[in-house]
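Asks: Listed below are the residues making up each chain.
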Amino acid sequence: MADGPQLKPPNGDASPGERREREGLCKPADASNAISGGPWVLAFCPGPSGSTCPRPSEALLAELRGLGASLAVLRPDGGTLLRPEDSPQPLRPAPALWARHGAPPDRATLVVLDDEGQVRLCRTLDASADVEWMLLRALRDAARARAPASLVSRRELLVCALAAAVAAAVLDACAGAPRGADQRPVQTASSGPDLIDVALVINGERRVLRIEPRVTLLDALREQLGLTGTKKGCDMGQCGACTVLVDGKRIDSCLALAVQHEGREITTIEGLARGEDLHPMQAAFLEQDAFQCGYCTPGQILSAVALLAERKGQPLDDDAIREGMSGNLCRCGAYPNIVAVVRGVAGRS
Amino acid sequence: MKDSVGKPLVRADGRAKVTGQARYSAEVQVAGVAYAVMVTSRSARGRVASFDTASAEREPGVLAVLTHQNAMRLPGGEGAVDPSDRVVQVLQDDRIFYSNQPIALVVADTLERATHAALLVRAREEPEKFTVRLDDEIDRAFPQQTFSSAGTFPADEVHGDIEGGLSRGPARIDQTYEMPPETHNPIEPHATIAVWSGPDRVTVYDATQGVFGVRKKLAKAFGLPPENVRVLTKFVGGGFGCKGSVWSHVVLSTLAAKQVGRPVKLVLTRQQMFGMVGGRPRIRQRLRAAATQDGRLTALSHQSTSTTSRFDIFLEPAASVSRHMYASAALETRHRLVRLDIGTPTYMRAPGESSGSFALESAMDELAHELKMDPLELRLRNYAEVDPSNGKPFSSKSLRTCYQMAADRFGWRRRNPSPRAVRRDGWLVGMGMATASYPANFNKASAVARLLPDGSAVVQSGAVDIGTGTYTVMAQVAADALGVSPERVKFDLGDTEMPEAPRSGGSQTAASVSSAVLLACRALRDKLIGMAVADPRSPLKGAAAAYVAVADGRLSAGGASDAYADVVARAGGRPVEARADAQPDQERKKYALQSFGAQFAEVHVDPELGQVRVARLVAAFAAGRILNARTARSQLMGGMVWGIGMALHEHTVYDEKLGRIMSRDLADYHVPTNADVLEIVPLFLEIEEDPHVAPSGVKGIGEIGITGAAAAIANAVFNATGKRIRSLPITPDKLLL
Amino acid sequence: MRLIHFQRASGIDEALRAGSVPDTAFLAGGTSLVDLMKLEVLHPARVVDVGRLALTRIDSEGGGLRIGALATNTDVAQNGEVKKKLPALSEALLSGASPQLRNAATVGGNLLQRTRCAYYRDLATACNKRNPGGGCDALQGWTRMHAVLGTSDQCIAAHPSDMCVALAALDATVRVRGAAGERDIPFAELHLLPGEHPEREFALAPGELIISVFVPATPQAARSRYLKVRDRASYAFALASCAAALHVEGGRIRAAGLALGGVGTKPWRVPEAEATLIGKAPSTEAFARAAEIALRGARTRPDNAFKVELARRTAVRALRRAAEAT
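Chains as they are written, first to last, in my numbering: chain L, 14 to 362; chain R, 8 to 744; chain X, 40 to 365.
Some hints here could point you the wrong way.
Below, in silico cross-link-like pairs of lysine to aspartate or glutamate (EDC-like), each with a Cα-Cα straight-line distance of 16 Å or less [said to hold, decoys possible]: (1) Lys223/R with Glu507/R; (2) Lys664/R with Asp342/X; (3) Lys730/R with Asp740/R; (4) Lys741/R with Asp342/X; (5) Lys14/R with Glu300/L.
Treat the hints as calculated values from the structure; they're not laboratory data.
Based on the sequences and whatever the hints tell you, model everything.
Replies: In C-alpha cells, the structure reads:
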C-alpha cells in the first residue's frame, strides 16, 4: 500500500518539544482561577540563575496521578500548570500569588494546599536546591504515608502527610542528603523477609531489583521496572503477548521467574528501536498495518525477529511463517498482514 | 472531503504501538498503586453464609480483605444505568448468581501478595439448585417487547401469512441451528486503576469501549455528580463488545480505592474473563422457509431462543437479520429468552447479525440444495429492493455488486454443486457462500475543533479507539473538512472531559464521530473564513465567504490569499474553536440503513480425520464511504478471521453438574492461531454513495466482516463432505462418521 | 504463588543435596512448574533451579542418542542426528506447544509435565490428583479432552506430552540420579497409571533428578513418524496422536513401535498391537488391526467416545507414513 503522511501521534506520545510549543501557543491562564480544587503543590521557582524548575517527567506524573494532585510551577515571568492527564497549561505572571505566600524572588518556595485551598505547608529552600528532585521525594514520601483513615479523614491524613513529607525533604536537602536516581520507576516492592536481589540485564542495561523470588520476569518488567511494552495477556503461556528475547531466543516471560534469567541478555520491545529509528521489523509492522489494537504487537514483533534469526539461511515459506508465528495469538485477526511483514523482511535480509 | 479521507494513511497511533510506548489501562504509571485481586464463587447459585478472612488478612502487605460484610455501601447500588449496561455484583449482599462471580476482594501492596492472599480467603457457600442447561428451562422461555442494540427495536415481528406461505411452497426446509456460548477474549484483560483525589472526586483509567458509560455508572453507584468522575482510556487491547458495559470489577476497584485510601489497580486474570464480563449467549434458532420451484420465497420464519442470567436481561437479536435480507411474501422473526444461572451475556461482535446469519444463510443453502439451484442464484432471486420488514427503500444498497466482485475474485463458477465430489491431494474440497449484512448505526456525538496559532489543528471527541483506527480516520476527516494536510491535524480521544461520543460498539463510532468531527471542522473553517473576510488587515477582506477556498491551510479567493495561522495571529494569537453535535435527523428514518456484503469460502476437509482448513475466504463489502482503505481492510479481515473462529473453534464449555465454565483459559477456549488463517481477501467499495445515512456518508465496518462468514464456511463444508453441520463449532469429531 | 525459597544449583551434587530436602521441586524451563505454581496446584516450599547445569548435550552413544535432560525442546527437535535417526521425536516436539514454550521447555521438564485437565487446574473443583481422596469432578463433567485408556474410577486425566509418545514408541530409557546413585528407567515404567492413587504420577524417588534420556537408533526409529490431530491447526493439545516406527525388510515388518497420545492417562504404548505387525506386509488391513488392538479396553464418556475411532484412524495413517518413509 502507498505510504501516507505520518499523522500526529495521540496525546501522551508528544515529544517534549511539541508540548512546549503547545504551551507557548495556548492562551496563558490566570493562576488564581486555575489553582482550585486540590490538592495542589505550588513550586515558586526564581529565574534561571537560581534553582532548577520541575519538568513533566514520567516519574513526576506518576506521583501526581497517585495522589490525585496537581502541580503549579510559578516563575517570575509566568509558569506552568501540570495536571497529569492534560497538556501543560501556561500561566500568566502572578505577582500577587508570590506575595500571598511570601515567596522570595531569589530562592525556591514549596507550598502545599489542601482541596479547600488552605495552606498546609510553606517552606522556602536553599538557593542551590534542586526543586524537581525534592518535589519528587516529597511526593513519594507523602504517598507512603497513606493509610485507611479511622480517626482522621483520609483527605486530612493525605494533606498532613504531604506537608510533613515536604518539610522532611526540605530538611534533608538542607542537611545535604544524597540523591537517588531520578529514573526510579513506580515502586511497588515493599519490605519483607523474603526479598532477594536480582540483577537483570534489560536492553543492555543492568538493573538490580529487590524482589521476592516468586516474581515472574513479566511482572518484574511491568510492575517493578515500568517497562510495560511487554504485555500480559493470559499469564500462563497460552497467548505469547509476553514474548521477550533471552540471549536472542524468544520465550514467554510469564512462565519464567525473574531470578531464573539473572545475568542473561533480555530484550524487550523497548530495546528494539535505536532512538528515533525503528527496527526494520517495527517499521514493517507499521507500514503493512500488521496490528489493530496493538496489544499483541510487541510480542508479535519480537517473535518475528526471533523467527528470522532461528531460520537464518533456511527457506521460509508462508506455511512455515504461520506455524512459526502461531505462538502469538491476535484476536484482532491481523495474521495475514503479519505473515506479509515477515515474508517481506525475510526476503530483504 | 477530497484529499485525505479514503487514503490508506498509516495509523496515527502506530508508532506508539510498535515501540511499546502505548500505555494501556493497567500500564498507566500511577505511583503508590495497590493491587486488588478478586475472590470468586464456586457455586452457581446461592449465598455466602460466612467468610474466613483471618489468614488472608494476616499476610504481609495485605491492606484489606473486602466482602459484603465490610465493603462500603454504594449509595446508588449495582443497577444498570442504560439499556446497554449490565447489573453487577459488587459486594453489596451475600447472593451468588453464577459460578466465578466476585464475592470478595483482596488489596495488597504487591500483585503476588494480593494473588496469594486471595486464595487464602475461605467462603462457606450455601448452594441452591441451579441449572446452566438451555433444555432444562426451555419450557419457561419468555418473550420481550423490545431489544436494545444501538437503538431499540421490537423483539417479534410478523408480516403476511406465515403458515399459509410455508405450506404453499413446494420446496421447504425446517431446521434448527445450535450455537454454543462464546467468549470475547480480547488479548488485553479487563483492567481498571481508580484514584480518588478527595472524598468525592475520582479518576479512573479503565479498559473500556465507552468512557462516558463508565462515568455514568460510577457517578450513580457512588452518588457523585458526573463531573467529579473522570475516565481516561487512550489505548484498549481489543473489546469486541465485552468492554462496552461496565462490569463488577470497575466498581470494585473504585470502591476498594476509596476504602483503603490508595490508588487501586485491578486486572482480571484470564480465567476471570469467562463469565463475569459477558460473552455471546447460547442460541438455538429454528429456520423455516418455503419457496416456489423457481426459488422465490413464499415464507420465511426465523425464531431464536437465547439465554440470559437470573438477574438481568440481555437478548441477542439473532432473528433480526432476516428482517432486512430477502424479499419474502411472508416474514416472521421472533425472539425468546431463557434464564439460567450464568453471568449475563452481552454484545459480542455483530450480536445477532453474526449468529442470525449463520442460521439464515445455512438455511438458504439447504433450500438451494433442495431446489438444485446455485446458492448465489437463490440469493439473487430473492434480492430485496426494499426492506422486507417495513417496505422502506434502502438508503443505499450495493449487494449485487458485492456478490459479483466476490464471486468473480473467488472463482465461484468453478464450484461443483454435487457434495463430496472434489478431492485434491487427499483433501475433500468444497465451496460455499453467504450474504453479509450489518445495520448502519448512528448515534449522537459531539466534537470540538481548535485551530492553533501555528496553523495546526487539534480535534477532540470522547470516543475510544479499540483497534478500529479512530485516531487516524478522524484526523483524515478533520483534515479534509478544514482544508489542511493530515500531518497538521491531531485527533485526540478517550477522556470524559472531551465532548461526548457514543461507546465504540454497534460499528457506530465511524459514522457518529466522523459526522460530529465533520460538522465541527466545517464550523471552524467557516468561523475562520468569517474572521478573515471581516478583518481589514486580511488580504481577503470583503471577499464573499462562499467563494473562499481552503487548501493546505491557505485561504484564497479571487487571486488573494491568507493563511489560517495569520488569521489566528491577527485575532490575538489564541486558538480559535468550534464545537458541533451530530445526530441522526428525521430524514434518516425514511430509509432502511444497512451495509451488505458477500462471503465466499473454500474449505479442505480431511476425509478420515475430520480436520477442516479454510483455504480461502473471499468477501466483498459495501459500507458507504470508507475513511481509510488500510485500516478498513484490516477491520474487515479481522471480522472474517472471527468467522473462522465461530465456525470451527469457539465454544465456552459449561460443566452442567457444577454449573461452572470449565473452558476457562486460552488453551481450552480456542481462537484461531496464525496457522488457521490462510488466504483472506476482503474487498470493498471505497465509496458507496449514500446521502442519507450520515453527514459523513459513513456506515461503519467494525462488525460486518464476521457476518455470513461462519455460514459460508459451513456451507462449504457441506459441499466438501455432504454432511450438513447445524451445530457449531465444526470440530473433527462432528465430521468423523 | 506461595512464597518460595529459591536456590540455584551450580552442580548436580548440589542439586541433589538441595533436592533431598522435603517439599522441594527442581526448576528447569518452568513452563509446567511455574504455570502450576502460579495456580497453586503445585506449591513446593523450595525451588532448586537446575536450569544452568551442564546437561544439555545431545551425543551419539552406543547405537543411539543420549539426550541431556536440560536440552531444550527446540534444540532436540532441530538437532541433525535426532531428525535423521529419530524423526518421530523431532516431529512430536515440533507439534507441541509454541516456539516460545519449546525454547524454554527441557526434556526433563517435558517428561514430568502435568496433565492439562481443567479440573486439576481449578482449585474450586474436586481432584484426586491434587487432593488425594477429594473426589473427581471430571468424571461426570467435561471430558472431551480426557483419556479413554488407562483410566480408573479416581482419575481420567490425559497425559498431554507429544514428546513422551515418541519416546514411548522408540523404547527410550530415562537415566536418573539420586541419593542411592544412578539408575535407568525403561520408558514405559516412568509414568504411573492413576489407579487408586492418581497423586502418584512418576516412578521416581523423592529428590531424584533426571539426568538424560537414551533413545536407541534402531532401523524402525529411522522410519518413524508422528501424527497429531487437534481442534485447530497449531498450539493445541492432541485429540489423538500417534508415534509409529516401522522396520520393513524384504517386504515384511521386522520391528514396530506404536504409541498413542491424547487418549491415555500415560503415554500409551501397546506391545500387543506391535506384535501383530511383525512378519506382516505393510498394509492398511494390518495397520487397522494393530490400531484396533491398541484401542482395546477403552472406557469412554459420551463426549470423548469419538476418540476411539479417531485414534484408530490416526494410528493407521501414522503407520502408513512410517511405511512410506525412506
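Asks: Between the alpha carbons of lysine 741/R and aspartate 342/X, is the straight-line distance 16 Å or under?
Replies: 11 Å, holds
Asks: Are the Cα atoms of lysine 664/R and aspartate 342/X separated by 16 Å or less?
Replies: Satisfied, since the Cα-Cα distance of roughly 15 Å is no more than 16 Å.
Asks: Within a Cα-Cα threshold of 16 Å, do lysine 14/R and glutamate 300/L meet the stated pairing?
Replies: 14 Å, holds
Asks: Within a Cα-Cα threshold of 16 Å, do lysine 730/R and aspartate 740/R meet the stated pairing?
Replies: Status holds; Cα separation ~12 Å.
Asks: Given the hint that lysine 223/R pairs with glutamate 507/R, test it: the Cα-Cα distance must not exceed 16 Å.
Replies: Holds - the C-alpha atoms of glutamate 507/R and lysine 223/R are around 12 Å apart, at most 16 Å.
Violation of the numbered hints given earlier is absent; every hint is satisfied by the structure.
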